[in-house]
Each structure stands twice: as C-alpha cells, then as structure tokens.
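J.: Sequence lines, in order, name chains A and B. The numbers in our numbering rise by one with no breaks, and the one at position 81 of the first sequence is 81. The numbers in our numbering rise by one with no breaks, and the one at position 43 of the second sequence is 43.
Hints may contain errors.
[What the hints assert, rightly or not] Taking lysine-lysine pairs in the BS3-like style, the calculated list, with each CA pair at most 27 Å apart, reads:
no.	chain 1	residue 1	chain 2	residue 2
1	A	K105	A	K42
2	A	K71	B	K17
3	B	K71	B	K57
4	A	K105	A	K57
5	B	K18	B	K65
6	A	K105	B	K65
7	B	K17	B	K57
8	A	K105	B	K69
9	A	K42	B	K71
10	A	K105	B	K17
11	A	K37	B	K57
[What the hints assert, rightly or not] If you anchor each label on the Cβ, the simulated ranges turn out as follows:
no.	chain 1	residue 1	chain 2	residue 2	range
12	B	I77	A	K68	14 to 24 Å
13	A	S9	B	R110	36 to 46 Å
14	A	K71	B	T20	38 to 48 Å
Hints listed in this document are in silico derivations from the structure and should not be mistaken for laboratory results. Glycine residues also receive a C-beta, built at the ideal position from the N, C-alpha and C atoms.
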Amino acid sequence: GENVEQHPSTLSVQEGDSAVIKCTYSDSASNYFPWYKQELGKRPQLIIDIRSNVGEKKDQRIAVTLNKTAKHFSLHITETQPEDSAVYFCAASPPDGNNRLAFGKGNQVVVIP
Amino acid sequence: EAQVTQNPRYLITVTGKKLTVTCSQNMNHEYMSWYRQDPGLGLRQIYYSMNVEVTDKGDVPEGYKVSRKEKRNFPLILESPSPNQTSLYFCASSLRQGVSYEQYFGPGTRLTVT
C-alpha cells in the first residue's frame, strides 16, 4: 500500500520567516495530496490540497508544490504567525476507488514570536 | 451546522469491558472512516465504509469492529479492549468517491484502557 513519510518531524521558525515541510510517497499512481492542520487539542482540518495534474497551488500564505517524478510534495508557509503553530499531516490517495488517505506521521511546527 | 460528532469524548475503562464509540454526520456523506492517533505514529486508519452495509479494514483493524446500518452513523466497537488500544480516536466522513476527498473529522474520543 501507499507509504507516506514526512520530514522534518519538528520545525521551529521565527515569526515572519517561511516554513517548508516535505513529504514523500511511494505509490506513483497516487493522484491526490492534501495537507491537514491539527492545532493542539483539536481535530485535523484540511488546509490545502493538490491533484496530480497540477504542479503548484497557492492559497494566501500557504502553497503546495508537487514533484511527481521524484514522488514528493511540499507545504510552504510564508510570513509565519503564532497561529501557524500546529501539527501538519500530509497524505496521499491512490486511485483505487476507495477514497482512502494514507497519512504521514505529522510535523510539529513551532512559530517563535 | 454541518458536522461530525463523536461520543463519548473521554472514556476510561478496564480491560475486557466492551465499549462502543458512536460517530454521526449530518452532511449526507457516503464515506466514513475511523482513525487512531498515537504519538509519533500519526493517523492510522482502522476501518472505513464506502456506504451503508459496505465496510472494509484499514491499516490497523485488529481488535475493532464497525457497522454501517444507516448512512449517518458509523459506530466503533471494541469487544474486549486492551491497554494497547489506549489512544485518541477520530471519526471522519467525506462526500463520496471521486467527488471530493476532503475528510471532515469529528472532535475525537480519548480512550484509556487500564
């Protein structure tokens, strides 16, 4: 099955700087790649996603880039703010018709004021 | 308000005492799923359901059962809980296959088995 890995496991950044989290996946047939944000004590929520026919997608301060050849995708957060502190999960969905998501283990992002 | 609800939110129980965690969604979603979240292991899928009466195992199904008799409900059953099932459990739902993959998570159920 699909295997998703995230790096680094923890990332500390100064407020206002950029943060980049990278995920790799194993199944070259996977075609959907979402990022979920989980604030402390709360549920995961979708923040951005990308499909395999697109190389980059932006939404205000966040962007996701996809490199299908290398089988990796990255989350970019610019002008980080304290409210960006959270655990971020990437996921990949193979086109097996089951709507399943294989999640990575998560990255803890800490924004230092 | 569109939402996924879970009950109970917190539960402390003893080994071997059967329990059920309920999950309900009011968005008419076809796809529902259960995950467990453990430190350092991320979100791992336990079971999922594509529609009423259609369920299948996820990555860590051992020790769990599910049922999907109604579209809105997807209870998780632990017939004989053990301490290694102490975890944070999330139910999630999404619209349907091929239409939208976004999964809407419930608030979570923190289970402790002693």
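J.: With respect to the beta-carbon atoms only, verify the hint that K71 (chain A) and T20 (chain B) lie 38 to 48 Å apart.
T.: holds, 40 Å
J.: For a C-alpha distance cap of 27 Å, please report whether K105 (chain A) and K17 (chain B) respect it.
T.: Status violated; Cα separation ~30 Å.
J.: Does the alpha-carbon distance linking K105 (chain A) and K65 (chain B) stay inside the 27 Å limit?
T.: holds, 24 Å
J.: Given the hinted pair K71 (chain A) and K17 (chain B), is their alpha-carbon gap at most 27 Å?
T.: Distance ~44 Å between K71 (chain A) and K17 (chain B) Cα, so the pair is violated.
J.: Tell me if the beta carbons of S9 (chain A) and R110 (chain B) are separated by a distance inside 36 to 46 Å.
T.: violated, 22 Å
J.: For a C-alpha distance cap of 27 Å, please report whether K17 (chain B) and K57 (chain B) respect it.
T.: Holds, because 23 Å separates the two Cα atoms, which is no more than 27 Å.
J.: Given the hinted pair K105 (chain A) and K57 (chain A), is their Cα-Cα distance within 27 Å?
T.: holds, 23 Å
J.: Taken at face value, is the distance from the CA of K57 (chain B) to the CA of K37 (chain A) at most 27 Å?
T.: Roughly 25 Å separates the two Cα atoms, so the pair holds.
J.: Can you tell me whether the CB distance of I77 (chain B) to K68 (chain A) sits inside 14 to 24 Å?
T.: violated, 40 Å
J.: Take the C-alpha atoms of K71 (chain B) and K57 (chain B), compute the straight-line distance between them, and say whether it is at most 27 Å.
T.: This hinted pair holds, its Cα atoms lying about 18 Å apart.
J.: With the threshold set at 27 Å, check whether the alpha-carbon distance from K18 (chain B) to K65 (chain B) stays at or below it.
T.: This hinted pair holds, its Cα atoms lying about 11 Å apart.
J.: For the pair supplied as a hint, K105 (chain A) and K69 (chain B), confirm whether the alpha-carbon distance does not exceed 27 Å.
T.: Roughly 32 Å between the alpha carbons, so the hint for K105 (chain A) and K69 (chain B) is violated.
In this structure, the earlier hints numbered 2, 8, 10, 12, 13 are contradicted, and the remaining ones agree with it.
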